[in-house]
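S.K.: Those protein sequences? They're chains A and B, same order as listed. Okay, so the first sequence: first residue is 1 according to our numbering, each after it adds one. Okay, so the second sequence: first residue is 313 according to our numbering, each after it adds one.
Be a bit skeptical, because a hint or two may be false.
Said to hold, decoys possible - Derived pair list, reagent style DMTMM-like, types lysine to aspartate or glutamate, alpha-carbon separation capped at 25 angstroms:
1) LYS280/A to ASP581/B
2) LYS128/A to ASP433/B
3) LYS440/B to ASP121/A
Unchecked claim - Some chain B residues flagged as far from chain A (calculated, every beta-carbon gap over 12 angstroms):
4) ASN345
5) GLU355
6) HIS356
7) GLU377
8) PRO390
9) HIS437
10) ASP495
11) ASN501
12) GLY509
13) THR513
14) ALA536
Unchecked claim - Computed footprint of chain B on chain A, listed as stretches where at least three residues anywhere in the stretch have a Cβ under 8 angstroms from a Cβ of chain B:
15) 78 to 89
16) 93 to 100
17) 129 to 142
Think of the hints as simulated: they come from the structure by calculation, not from any bench. Glycine included, every Cβ here is placed at the ideal spot set by N, Cα and C.
One-letter residues, chain by chain:
There are 2 protein chains.
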Amino acid sequence: RKRILITGGAGFVGSHLVDRLMLMGHEVTVVDNFFTGRKRNIEHWIGHENFELIHHDVVTPLFIEVDQIYHLACPASPPHYMYNPVKTIKTSSIGTLNMLGLAKRVSATLLLASTSEVYGDPEEHPQKETYWGHVNPIGPRACYDEGKRVAETMCYAYKSQSGVKVRVARIFNTFGPRMHMADGRVVSNFILQALQGEAITIYGKGEQTRSFQYVTDLVSGLIALMNSDESSPVNLGNPDEHTILQFAELIKDVTNSTSVIIHKDAATDDPRKRKPDISKARRILGWQPIVPLKDGLSKTIAYFKAELEQES
Amino acid sequence: RKRILITGGAGFVGSHLVDRLMLMGHEVTVVDNFFTGRKRNIEHWIGHENFELIHHDVVTPLFIEVDQIYHLACPASPPHYMYNPVKTIKTSSIGTLNMLGLAKRVSATLLLASTSEVYGDPEEHPQKETYWGHVNPIGPRACYDEGKRVAETMCYAYKSQSGVKVRVARIFNTFGPRMHMADGRVVSNFILQALQGEAITIYGKGEQTRSFQYVTDLVSGLIALMNSDESSPVNLGNPDEHTILQFAELIKDVTNSTSVIIHKDAATDDPRKRKPDISKARRILGWQPIVPLKDGLSKTIAYFKAELEQES
Ligand SMILES: NC(=O)c1ccc[n+]([C@@H]2O[C@H](COP(=O)([O-])OP(=O)(O)OC[C@H]3O[C@@H](n4cnc5c(N)ncnc54)[C@H](O)[C@@H]3O)[C@@H](O)[C@H]2O)c1
Ligand SMILES: NC(=O)c1ccc[n+]([C@@H]2O[C@H](COP(=O)([O-])OP(=O)(O)OC[C@H]3O[C@@H](n4cnc5c(N)ncnc54)[C@H](O)[C@@H]3O)[C@@H](O)[C@H]2O)c1
Ligand SMILES: O=c1ccn([C@@H]2O[C@H](COP(=O)(O)OP(=O)(O)O)[C@@H](O)[C@H]2O)c(=O)[nH]1
Ligand SMILES: O=c1ccn([C@@H]2O[C@H](COP(=O)(O)OP(=O)(O)O)[C@@H](O)[C@H]2O)c(=O)[nH]1
Ligand SMILES: O=c1ccn([C@@H]2O[C@H](COP(=O)(O)OP(=O)(O)O)[C@@H](O)[C@H]2O)c(=O)[nH]1
Ligand SMILES: O=c1ccn([C@@H]2O[C@H](COP(=O)(O)OP(=O)(O)O)[C@@H](O)[C@H]2O)c(=O)[nH]1
Numbered sequence: 001r002k003r004i005l006i007t008g009g010a011g012f013v014g015s016h017l018v019d020r021l022m023l024m025g026h027e028v029t030v031v032d033n034f035f036t037g038r039k040r041n042i043e044h045w046i047g048h049e050n051f052e053l054i055h056h057d058v059v060t061p062l063f064i065e066v067d068q069i070y071h072l073a074c075p076a077s078p079p080h081y082m083y084n085p086v087k088t089i090k091t092s093s094i095g096t097l098n099m100l101g102l103a104k105r106v107s108a109t110l111l112l113a114s115t116s117e118v119y120g121d122p123e124e125h126p127q128k129e130t131y132w133g134h135v136n137p138i139g140p141r142a143c144y145d146e147g148k149r150v151a152e153t154m155c156y157a158y159k160s161q162s163g164v165k166v167r168v169a170r171i172f173n174t175f176g177p178r179m180h181m182a183d184g185r186v187v188s189n190f191i192l193q194a195l196q197g198e199a200i201t202i203y204g205k206g207e208q209t210r211s212f213q214y215v216t217d218l219v220s221g222l223i224a225l226m227n228s229d230e231s232s233p234v235n236l237g238n239p240d241e242h243t244i245l246q247f248a249e250l251i252k253d254v255t256n257s258t259s260v261i262i263h264k265d266a267a268t269d270d271p272r273k274r275k276p277d278i279s280k281a282r283r284i285l286g287w288q289p290i291v292p293l294k295d296g297l298s299k300t301i302a303y304f305k306a307e308l309e310q311e312s
Numbered sequence: 313r314k315r316i317l318i319t320g321g322a323g324f325v326g327s328h329l330v331d332r333l334m335l336m337g338h339e340v341t342v343v344d345n346f347f348t349g350r351k352r353n354i355e356h357w358i359g360h361e362n363f364e365l366i367h368h369d370v371v372t373p374l375f376i377e378v379d380q381i382y383h384l385a386c387p388a389s390p391p392h393y394m395y396n397p398v399k400t401i402k403t404s405s406i407g408t409l410n411m412l413g414l415a416k417r418v419s420a421t422l423l424l425a426s427t428s429e430v431y432g433d434p435e436e437h438p439q440k441e442t443y444w445g446h447v448n449p450i451g452p453r454a455c456y457d458e459g460k461r462v463a464e465t466m467c468y469a470y471k472s473q474s475g476v477k478v479r480v481a482r483i484f485n486t487f488g489p490r491m492h493m494a495d496g497r498v499v500s501n502f503i504l505q506a507l508q509g510e511a512i513t514i515y516g517k518g519e520q521t522r523s524f525q526y527v528t529d530l531v532s533g534l535i536a537l538m539n540s541d542e543s544s545p546v547n548l549g550n551p552d553e554h555t556i557l558q559f560a561e562l563i564k565d566v567t568n569s570t571s572v573i574i575h576k577d578a579a580t581d582d583p584r585k586r587k588p589d590i591s592k593a594r595r596i597l598g599w600q601p602i603v604p605l606k607d608g609l610s611k612t613i614a615y616f617k618a619e620l621e622q623e624s
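Taking the hints into account, I'd like the entire structure generated from these sequences.
M.R.: Structure (structure tokens):
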């Protein structure tokens, strides 16, 4: 039984991680500023003797005693992270420094939730962990992409200089219940549009690709990585690649929707394709995604339906 | 007459900038923690009514009133910035945030001393400002390279979000008097070796290229950029490209040295070539380097000789 801190634990991924770690019997502390997270995502644990919720911003130093830190705090979707780029970059830079300082002081292991966006608009496909990336340092996505890149750099600086045990998960697009309905990302947009009978909006031609991982697969990967000895970055994602057009059609199909598919302007600096090479995770963690896309989508669609009903 | 802050003003480049701005009649404040800078570089101004020296670390907030900020504070040579990678990354991230916060509060213009290292090991040659770069986010140079990249990102986040006036100079290799004699970089190494009759050490085959800019040319470029309206990044460097082997031979020649040239192991992640495309600086600032390499080298060698004599 470990004392585990999850920053950003009231968010989409974090709350699923809380669920799993609580069920495993650990002592879990969530730190969140509720920028994009919600108390509702974790309210079922409030009052449990192993659970603690701290309303706190990681840009401010934090002094607690823990064994492991899952450092997830950071807005993750373009509209959220571009809403306040200065805050996003402070969260990734100062926030990560604070959590590394904490990890150093209490000799905890820190896992950074990094992202496939460190590869930017990749010129290597699929992306291996050795790829250096192709990122615009001054573009509109830079507050997120460069923030995560420098957060990785910080992890390895603390590792080499102070012996902090670090884990770096490069997470590829993930979906599931509790994801943000209004985050403007492709899964939520398409499901909402399909459920509400609105036109499904494809940005550009829809030839760009993404691979979508169900959240419980990611949670298994994060826990496996944390408890491994692997300090270099590891991709966690589903290599099952789809064009955005295929994806629109699949969602139309699963929701039994009558929505039409339309095309809008392509987004600035939009990566043309993205697919993880997960051979490292397979080899080192014995991990791979197991939830079929359709199953994951059904659960997500059920969640969206329930949310829409509650709203109205 | 302006109130001008120079962070890192006791360093190599900073002290030359101080000289020029003082001679122009400005009020100059230097902030420096003396990590790689020396009081000697600016001691001739101490006591002047327009000059102030503050012993201060930019990682700590600073509250003063100024019109312009030249933000140079950051160790610049590989042995210095790798000596304490955590501190290097804090200086670039938190230090830059603090100076941007200051610029925002007092409506000052901030010029960031960025670097050609944001291009990393470039796949485009020569490098234009539009090139996104090829940088290893977790390599041994990352504390510097990614630190500068994220510092640029921060500048544009404060610009777009808070209207802070920013200037970003991407500086290419610069040399001149007051450069560090023991910084392990090519100019100082070769001059010292040649002057002392030791073997001139080339890392690798010596086919890698660099272009060397004399410090007074850089100072003219920085001042022109600060006082222009150009907020996007501008390369400042000398496009006159040399292989490291040619450079070794030139220094042997200018110093009249009997040193032999030998080859050592290549350095990790050592950029194979680097040469600025300065057409933007020419067009927008009407700037270009004017000091011939041999003239700059003579002055630098004279400085090194005097330093060596004083030491012994
Ligand atoms: N969901 C994905 O597809 C995906 C892909 C790659 C990486 N990631 C990473 O995984 C992590 C979790 O993402 P998510 O999808 O759950 O996003 P999310 O927005 O649901 O969760 C982020 C959480 O962090 C909190 N937070 C933000 N800034 C904070 C701060 N300064 N202090 C304290 N808490 C703060 C938010 O309130 C929220 O609860 C993020 O770091 C994200 O970058 C997610
Ligand atoms: N010299 C070059 O070839 C070159 C090339 C590209 C970019 N640059 C940039 O130009 C700037 C100046 O470089 P330089 O060659 O004069 O190096 P330098 O090491 O001589 O100067 C840096 C100065 O910053 C000070 N400093 C470092 N950390 C500080 C901190 N936390 N707080 C306050 N002061 C701090 C040092 O004491 C020193 O006086 C740097 O930002 C560097 O990255 C230089
Ligand atoms: O338990 C801790 C220990 C450190 N920090 C913060 O983490 C940052 C980086 O820590 P480090 O030890 O590197 O910094 P230092 O305190 O030496 O400047 C600092 O801002 C600390 O305030 C924290 O939040 N909790
Ligand atoms: O309503 C939408 C939302 C997104 N996209 C596209 O779907 C892909 C994934 O975008 P998302 O914002 O979900 O995540 P990203 O992987 O780009 O961070 C991108 O090519 C978007 O242009 C789309 O076509 N329609
Ligand atoms: O004159 C100033 C104003 C701000 N800051 C620092 O600059 C950083 C960023 O400033 P900003 O206004 O963005 O931050 P906030 O104070 O709103 O968190 C903060 O840590 C401030 O302490 C500073 O050093 N001098
Ligand atoms: O004693 C030395 C020092 C440097 N270099 C090479 O000279 C080039 C410039 O190195 P420096 O450290 O001066 O600067 P940077 O790599 O940052 O441009 C690099 O290819 C080095 O490998 C060398 O051959 N011998």
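S.K.: If a hint holds in the structure, say so; if it doesn't, say that too.
M.R.: Hint check:
This hinted pair checks out: LYS280/A and ASP581/B have alpha carbons roughly 23 angstroms apart, not beyond 25 angstroms. Note on LYS128/A and ASP433/B: the hinted pairing holds, with a Cα-Cα distance of about 19 angstroms set against a maximum of 25 angstroms. Distance hint between LYS440/B and ASP121/A is fulfilled; the C-alpha atoms sit about 19 angstroms from each other, no more than 25 angstroms. With a least CB separation of 18 angstroms from chain A, ASN345/B remains clear of the 12 angstroms interface cut-off, as annotated.
Distance check on GLU355/B: its Cβ is at least 33 angstroms (rounded) from any Cβ of chain A, clearing the 12 angstroms threshold; non-interface status holds. No Cβ of chain A comes within 12 angstroms of the Cβ of HIS356/B; the nearest lies about 37 angstroms off, and the non-interface call holds. Taking the minimum C-beta to C-beta distance to chain A, about 22 angstroms, the non-interface status of GLU377/B holds against the 12 angstroms cut. Non-interface status of PRO390/B relative to chain A is upheld: no Cβ of that chain comes within 12 angstroms, the nearest being about 14 angstroms off.
For HIS437/B, the condition that its CB be more than 12 angstroms from all CB atoms of chain A holds, with the nearest at approximately 16 angstroms. The beta carbon of ASP495/B is kept farther than 12 angstroms from every beta carbon of chain A, the shortest such distance being approximately 20 angstroms. With a cut of 12 angstroms on Cβ distances, ASN501/B stays outside the contact zone with chain A, its closest approach being about 24 angstroms. With a least beta-carbon separation of about 37 angstroms from chain A, GLY509/B lies farther than 12 angstroms from that chain, consistent with its non-interface assignment.
With a minimum CB-CB distance of about 25 angstroms to chain A, THR513/B clears the 12 angstroms threshold, and the non-interface call stands. Distance to chain A confirms ALA536/B as a non-interface residue, since its nearest Cβ pair spans about 21 angstroms, more than 12 angstroms. Given as covered by chain B, the stretch 78 to 89 of chain A passes the check, having 5 residues with a CB less than 8 angstroms from a CB of that chain where 3 are the minimum. Look at the stretch 93 to 100 of chain A against chain B: 3 of its residues bring a Cβ nearer than 8 angstroms to a Cβ of that chain, three or more, so the hint holds.
Counting residues of the stretch 129 to 142 of chain A whose beta carbon lies closer than 8 angstroms to any beta carbon of chain B gives 8, which meets the minimum of three for the stated coverage.
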